[in-house]
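Participant: Chain by chain, the residues run as shown.
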Amino acid sequence: MMMTADQTKKPLLEVQNLKQHFPIKGGILGRTVNHVKAVDDVSFTIFEGETLSIVGESGCGKSTTGRAILRLDEPTSGSVFFEGKDLLAMSKSQMRSMRKDLQVIFQDPFASLNPRQSVAQILGEALAIQNIVPANQRRERIIELLSHVGLRPDQIDRFPHEFSGGQRQRIGIARALAMQPKLIICDEAVSALDVSIQAQVLNLLKSLQKEFKLTYLFISHDLGVVRHISDRVMVMYLGKVVEIADKKSLFDSPQHPYTQALLSAIPVPDVSKKQERIILRGDVPSPINPPQGCRFHTRCPLAVERCKTEVPALTNVHSTHQVACHLVP
Amino acid sequence: MFVYIVRRLLQMIPVLLGVILVVFLIMQMVPGDPAVLLAGEGASAETIAKIRTQLGLDQPVMVQYFHYVTDVMTGDLGTSLRSNLPVFDEIMARLPATIELAIASIFVTVVLGMVAGIISATKQYSAADITIMIVALLGVSLPSFWLGLSLIYYFSVKLQWFPVAGWGTWKHMVLPAITLGTAGAAIVARMTRSSMLDVVRQDYIRTARAKGLREQVIVYKHALKNALIPIITVVGLQFGFLLGGTVLVESVFAINGLGRLIVDAIRMRDLPVVQGGVLIASVIFVFVNLLVDVLYRYFNKRIDLN
Numbered sequence: 001m002m003m004t005a006d007q008t009k010k011p012l013l014e015v016q017n018l019k020q021h022f023p024i025k026g027g028i029l030g031r032t033v034n035h036v037k038a039v040d041d042v043s044f045t046i047f048e049g050e051t052l053s054i055v056g057e058s059g060c061g062k063s064t065t066g067r068a069i070l071r072l073d074e075p076t077s078g079s080v081f082f083e084g085k086d087l088l089a090m091s092k093s094q095m096r097s098m099r100k101d102l103q104v105i106f107q108d109p110f111a112s113l114n115p116r117q118s119v120a121q122i123l124g125e126a127l128a129i130q131n132i133v134p135a136n137q138r139r140e141r142i143i144e145l146l147s148h149v150g151l152r153p154d155q156i157d158r159f160p161h162e163f164s165g166g167q168r169q170r171i172g173i174a175r176a177l178a179m180q181p182k183l184i185i186c187d188e189a190v191s192a193l194d195v196s197i198q199a200q201v202l203n204l205l206k207s208l209q210k211e212f213k214l215t216y217l218f219i220s221h222d223l224g225v226v227r228h229i230s231d232r233v234m235v236m237y238l239g240k241v242v243e244i245a246d247k248k249s250l251f252d253s254p255q256h257p258y259t260q261a262l263l264s265a266i267p268v269p270d271v272s273k274k275q276e277r278i279i280l281r282g283d284v285p286s287p288i289n290p291p292q293g294c295r296f297h298t299r300c301p302l303a304v305e306r307c308k309t310e311v312p313a314l315t316n317v318h319s320t321h322q323v324a325c326h327l328v329p
Numbered sequence: 001m002f003v004y005i006v007r008r009l010l011q012m013i014p015v016l017l018g019v020i021l022v023v024f025l026i027m028q029m030v031p032g033d034p035a036v037l038l039a040g041e042g043a044s045a046e047t048i049a050k051i052r053t054q055l056g057l058d059q060p061v062m063v064q065y066f067h068y069v070t071d072v073m074t075g076d077l078g079t080s081l082r083s084n085l086p087v088f089d090e091i092m093a094r095l096p097a098t099i100e101l102a103i104a105s106i107f108v109t110v111v112l113g114m115v116a117g118i119i120s121a122t123k124q125y126s127a128a129d130i131t132i133m134i135v136a137l138l139g140v141s142l143p144s145f146w147l148g149l150s151l152i153y154y155f156s157v158k159l160q161w162f163p164v165a166g167w168g169t170w171k172h173m174v175l176p177a178i179t180l181g182t183a184g185a186a187i188v189a190r191m192t193r194s195s196m197l198d199v200v201r202q203d204y205i206r207t208a209r210a211k212g213l214r215e216q217v218i219v220y221k222h223a224l225k226n227a228l229i230p231i232i233t234v235v236g237l238q239f240g241f242l243l244g245g246t247v248l249v250e251s252v253f254a255i256n257g258l259g260r261l262i263v264d265a266i267r268m269r270d271l272p273v274v275q276g277g278v279l280i281a282s283v284i285f286v287f288v289n290l291l292v293d294v295l296y297r298y299f300n301k302r303i304d305l306n
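Keeping their order, the protein sequence lines are chains A and B. Under the UniProt record's numbering, the letters of the first sequence match residues 1 to 329, in that order. Under the UniProt record's numbering, the letters of the second sequence match residues 1 to 306, in that order.
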């Protein structure tokens, strides 16, 4: 079970045993023949004001976890407590009003803004639906939001296609901010941007976090970005959490063989340093029939018999570092 | 926008000249001599020759074409060989019924097609979706004359809800509009479904959901508006088929419209009426196309018409 990393901090979001199994339909009658176990029994906690990152390779269930928390896809089972209230137990209309507090920024700024709406409409709709600002003050508020993300007031009536990728992502951020949320889920929020723009947007996210006391769940496959922005990092593999720790502990002493392999793949900008790269053999197994026991055992260089049969539980290495591996004492 | 419309109107001129040429040549190639038909059975060769000279049919084809085009420019579509009335007046007398029928049919196409498509897309793979798609497949496959006759049999003859034939009240419109609009509705339903399914997978729909919008607002304001472009294209094209389809449906329901006028004129080799009718139908089609392009602009701010 998850331990509270720091007793002085207040948990904002607690995810317990979250499962997201997508049915696979087959045959003439469209019966459910199997399930893709995209997220399988994931539990973690995010504390107020921190940034928790989820890392892992494509298809490990990072984004699915984010969407399941927001109920953008209905999760199969589990519970998600936000400030003590279970989001998954809420009715649709209760959930709609909760959405004010939980916002999301998507990966692709070209796809996440409605091409038929101007900036004023995109942001104004958010303000109107949650009734945050009275109608006559909305335009002012939109201009204020734009200035927070470094856009000019005269750009308010433009359409998404008139902006660059970085600018669009800023609009996405402004839209999320418009709701005055407590938690923002950044789903690969900078992956689609150029490296120079990535840094700008990351710094913007950081300064907004300070200004508005935001909490981030940051989903990324880019370890460099994760290192820059996170307080804590959670590593996922094939729908399971394999390791979760504060940033320093994770990057300095990764415990799980998968985490070690991931970190060894980060290029070091120093030619004199000889880097030992751990190369993983084979492909990620299918999430339809994931391996028994530890899901990583098919590719783990250290796997023993026990790994093939017994699912490792998340255990404490120390108070802020948990790992799910039989080989870590 | 204004400049664009003016430019489009100018571009119509060569299109319409082409239409006149094609119709003119087809009528030239069709066997049968209008002069013979007009003179009646057993007329002497002299009478036929006289009629031919009167109508200018003895002149070279190119000259006939040139005369016709210059007349059209001045608004003169010629005189019907059969009734001796100006073609323009003949067409104007028949046009309202056809336009009413076309509008009623396009209404059936758009409303029925889009509602069915939206239900199908929002409830993908449900029983409703499967039923709608099967009905849509039938709708495209049924020939309109068969559908028209079946509707007459059940709703006019057996149930006596609607008149069997003719034109005038809204009751006259129902069956012909359904007959003519069904195939289009089926195509629009399929198009709406696939276009909507495409759009609802986009991130901005997730964004809208994350804002906490109601499902209806997401479907109609965010998804449908983005899905409309291909639907408008199909509806615009359907209008063309519709103009062609009126010919059959007007015959089945005995409506005195433009379609029937043209068919009768073809049978009688009433060349000026055929040319005038097809020309007017083409003008309408070209204008509808312009309307479609203007609607594109309205629904998609990214399409810059200039």
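Among these hints, one or two may not hold up.
In silico DSSO-like links for lysine-lysine, alpha-carbon gap of 27 angstroms or less [claimed, not checked]:
id, chain 1, residue 1, chain 2, residue 2
1, A, Lys308, A, Lys9
2, A, Lys182, A, Lys19
3, A, Lys25, A, Lys85
4, A, Lys206, A, Lys92
5, A, Lys248, A, Lys308
6, A, Lys92, B, Lys158
7, B, Lys50, A, Lys92
8, A, Lys25, A, Lys100
9, A, Lys100, B, Lys158
10, A, Lys182, A, Lys92
11, B, Lys123, B, Lys50
12, A, Lys210, A, Lys10
13, B, Lys123, A, Lys19
14, A, Lys92, A, Lys9
15, A, Lys247, A, Lys213
16, A, Lys19, A, Lys206
17, A, Lys25, B, Lys123
18, A, Lys248, A, Lys100
19, A, Lys100, B, Lys221
20, A, Lys182, A, Lys248
21, A, Lys92, B, Lys171
A few chain B positions that, by computed beta-carbon distances, are all more than 12 angstroms from chain A [unchecked claim]:
id, residue
22, Leu10
23, Met27
24, Val199
25, Gln202
26, Ile205
27, Ala208
28, Arg209
29, Leu213
30, Val217
31, His222
32, Asn226
33, Leu228
34, Phe241
35, Met268
36, Leu279
37, Leu291
A short, non-exhaustive set of chain A residues, derived as facing chain B with CB atoms under 7 angstroms [to be verified]:
id, residue
38, Arg96
39, Asn114
40, Ala120
Rather than coming from a laboratory, the hints here were simulated on the basis of the structure. Keep in mind it's a predicted model, so treat the numbers as computed, not measured. Built from N, CA and C at the ideal position, the CB exists for glycine as well.
Participant: Each hint needs a verdict: does it hold in this structure or not?
Facilitator: We went through each hint and held it up to the structure:
Among the hinted pairs, Lys308/A with Lys9/A is inconsistent with the structure: their alpha-carbon atoms are about 37 angstroms apart, more than 27 angstroms. For a cut-off of 27 angstroms, the pair hint linking Lys182/A to Lys19/A stands: about 24 angstroms separates their Cα positions. Taking the CA atoms of Lys25/A and Lys85/A, the gap is near 34 angstroms; set against the 27 angstroms cutoff, the hint is violated. Proximity of Lys206/A to Lys92/A is assessed by CA-CA distance (about 32 angstroms); at most 27 angstroms being required, the pair is judged violated.
At roughly 31 angstroms between alpha-carbon atoms, Lys248/A and Lys308/A are farther apart than 27 angstroms, so this suggested pair is violated. Restraint check for Lys92/A and Lys158/B: the C-alpha separation of about 49 angstroms exceeds 27 angstroms, so the hint is violated. Simply put, Lys50/B and Lys92/A have alpha-carbon atoms about 84 angstroms apart, too far for the 27 angstroms limit, and the pair is violated. With a C-alpha separation of about 35 angstroms, the suggested pairing of Lys25/A with Lys100/A is violated against the 27 angstroms cut-off.
Under the criterion of a C-alpha separation no larger than 27 angstroms, the hint pairing Lys100/A with Lys158/B is inconsistent with the structure, at around 59 angstroms. Between Lys182/A and Lys92/A the CA atoms are separated by roughly 20 angstroms; this keeps the pair inside 27 angstroms, and the hint holds. About 70 angstroms separates the Cα atoms of Lys123/B and Lys50/B, which puts this hinted pair outside 27 angstroms; it is violated. At most 27 angstroms may separate the alpha-carbon atoms for a hinted pair to count; Lys210/A and Lys10/A meet this at roughly 17 angstroms.
At roughly 24 angstroms between alpha-carbon atoms, Lys123/B and Lys19/A fall within 27 angstroms of each other, so this suggested pair holds. Taking the CA atoms of Lys92/A and Lys9/A, the gap is about 30 angstroms. The hint is violated against a cut of 27 angstroms. Taking the CA atoms of Lys247/A and Lys213/A, the gap is near 20 angstroms; set against the 27 angstroms cutoff, the hint holds. Pair hint Lys19/A plus Lys206/A does not hold up; C-alpha atoms about 30 angstroms apart against a cutoff of 27 angstroms.
At roughly 16 angstroms between alpha-carbon atoms, Lys25/A and Lys123/B fall within 27 angstroms of each other, so this suggested pair holds. Taking the CA atoms of Lys248/A and Lys100/A, the gap is about 32 angstroms. The hint is violated against a cut of 27 angstroms. Note on Lys100/A and Lys221/B: the hinted pairing holds, with a Cα-Cα distance of about 20 angstroms set against a maximum of 27 angstroms. The hinted pair formed by Lys182/A and Lys248/A meets the criterion: a straight-line CA distance of about 25 angstroms does not exceed 27 angstroms.
Among the hinted pairs, Lys92/A with Lys171/B is inconsistent with the structure: their alpha-carbon atoms are about 44 angstroms apart, more than 27 angstroms. Every C-beta of chain A lies more than 12 angstroms from that of Leu10/B, the closest at about 29 angstroms, which supports listing it as non-interface. The claim that Met27/B is not at the interface with chain A holds, since no C-beta of that chain comes within 12 angstroms of its own (minimum 47 angstroms). Separation of Val199/B from chain A is inadequate, the least Cβ-Cβ distance of about 10 angstroms not exceeding the 12 angstroms criterion.
In this structure Gln202/B is not separated from chain A by more than 12 angstroms, as the shortest Cβ-Cβ distance comes to only about 5 angstroms. Interface exclusion of Ile205/B from chain A breaks down, the closest Cβ pair being 8 angstroms apart, not more than 12 angstroms. With a minimum CB-CB distance of about 7 angstroms to chain A, Ala208/B fails to clear the 12 angstroms threshold, and the non-interface call is violated. Remark: the non-interface label on Arg209/B conflicts with the geometry, its nearest Cβ contact in chain A lying 6 angstroms away (cut-off 12 angstroms).
Its closest Cβ contact with chain A, about 6 angstroms, brings Leu213/B to no more than 12 angstroms, contrary to its assignment away from the interface. Residue-level check failed: Val217/B sits 8 angstroms from the nearest beta carbon of chain A, not beyond 12 angstroms. Distance check for His222/B against chain A: the nearest CB is about 6 angstroms away, which does not clear 12 angstroms, and the non-interface claim fails. Not every CB of chain A lies more than 12 angstroms from the CB of Asn226/B, the least distance being 6 angstroms, so the non-interface label is violated.
The Cβ of Leu228/B does not lie farther than 12 angstroms from every Cβ of chain A; its closest approach is about 9 angstroms, which violates its non-interface assignment. For Phe241/B, the condition that its CB be more than 12 angstroms from all CB atoms of chain A holds, with the nearest at approximately 29 angstroms. Every Cβ of chain A is farther than 12 angstroms from the Cβ of Met268/B; the closest lies at roughly 52 angstroms, confirming the non-interface assignment. Distance check on Leu279/B: its Cβ is at least 38 angstroms (rounded) from any Cβ of chain A, clearing the 12 angstroms threshold; non-interface status holds.
With a closest Cβ-Cβ approach of about 20 angstroms to chain A, Leu291/B is found to remain outside the 12 angstroms limit, as its non-interface label requires. A cut of 7 angstroms between beta carbons decides the hint on Arg96/A: the least distance to chain B is about 4 angstroms, and the hint holds. The interface hint given for Asn114/A holds, since its Cβ lies 4 angstroms from the closest Cβ of chain B, which is under the 7 angstroms cut-off. A cut of 7 angstroms between beta carbons decides the hint on Ala120/A: the least distance to chain B is about 13 angstroms, and the hint is violated.
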